[in-house]
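Residue numbers (our numbering), protein chains in the order written: chain A, 1 to 111; chain B, 112 to 224.
Hint data in this document are derived by calculation from the structure and do not stem from the laboratory. All values derive from a computational prediction rather than experimental measurement. Mixed in with the good hints there might be a few duds.
The list that follows gives simulated cross-link-like pairs (lysine-lysine, DSS-like), each with its CA atoms no further than 30 Å apart [what the hints assert, rightly or not]:
1. A:Lys37 / B:Lys176
2. A:Lys98 / B:Lys129
3. B:Lys182 / A:Lys37
4. A:Lys37 / B:Lys168
5. A:Lys5 / B:Lys168
6. A:Lys5 / A:Lys56
7. A:Lys71 / A:Lys56
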Amino acid sequence: DQQVKQNSPSLSVQEGRISILNCDYTNSMFDYFLWYKKYPAEGPTFLISISSIKDKNEDGRFTVFLNKSAKHLSLHIVPSQPGDSAVYFCAVLYNFNKFYFGSGTKLNVKP
Amino acid sequence: EAQVTQNPRYLITVTGKKLTVTCSQNMNHEYMSWYRQDPGLGLRQIYYSMNVEVTDKGDVPEGYKVSRKEKRNFPLILESPSPNQTSLYFCASSLVAGGDEQFFGPGTRLTVL
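Can you make the complete structure from the sequences, with help from the hints?
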């Protein structure tokens with residue numbers, strides 16, 4: 001059974017609006033969460049992370065929110081740009097060495 | 112240029128024919144890892160290595176072997192490939208275990224007939 005779930009395979013958003021990508025996890029022991037972005041024919045690239053001691057982390061247009069009680073995290077992109085169109089993977093780092101990834105959400109930002 | 116390289120980028124092979132996918136990084140990273148990406152399943156960790164001569168199983172290690180004889184190289188070995196190992200494979204590295212910024216290679220598309 002998947003430890004990390006992204007239930008929306010795709011999301012379409014108008015340029016300039018907010019994109020919200022969601023992720024749920026099963027294990028309350030997970031304490032470090034990451035988002036990666038992947039363009040076609042390339043490897044994933046690290047985007048932003050958050051530790052379980054925080055509930056929010058911002059980096060420019062990207063903000064990650066963590067709700068530990070709900071075992072849920074989300075990535076907000078504001079404002080969305082066409083260059084943000086990619087597949088976004090949520091991931092958790094467990095025990096400092098194991099990674100579990102979600103199945104990805106394909107974001108399409110329309111001009 | 113700091114990078115993770117994988118070879119080959121594309122490979123079509125037949126069941127049972129041993130193959131090796133190479134991975135090399137030039138960033139002096141301690142931690143390296145292999146993943147496979149399949150539709151609807153995302154990336155799943157196959158093996159990882161905390162440092163030279165230290166390797167351990169990820170989530171889906173069956174049918175794969177790895178070795179870490181040098182810090183920069185982390186080859187993935189399929190001793191007897193089967194069609195269910197047809198997938199897109201990524202190698203990644205980070206400065207240390209637990210380092211969040213893993214750098215990924217460009218991927219190897221493997222088809223086993």
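Right, here's what the structure says about each hint:
Distance check on the hinted pair: A:Lys37 and B:Lys176 sit about 28 Å apart at the alpha-carbon level, within 30 Å; holds. Annotation: proposed proximity of A:Lys98 to B:Lys129 holds, straight-line Cα distance about 27 Å (limit 30 Å). Taken as a hint, the B:Lys182 and A:Lys37 pair is honoured in the structure, with Cα atoms around 27 Å apart against an allowance of 30 Å. Using a Cα cut-off of 30 Å, the hinted pair A:Lys37 and B:Lys168 holds, with the two alpha carbons roughly 25 Å apart.
At most 30 Å may separate the alpha-carbon atoms for a hinted pair to count; A:Lys5 and B:Lys168 meet this at roughly 22 Å. With a CA separation close to 20 Å, the supplied pair A:Lys5 and A:Lys56 stays within the 30 Å bound. Restraint check for A:Lys71 and A:Lys56: satisfied, since their Cα atoms lie roughly 14 Å apart, inside the 30 Å limit.
Hint violations for this structure: none, all hints satisfied.
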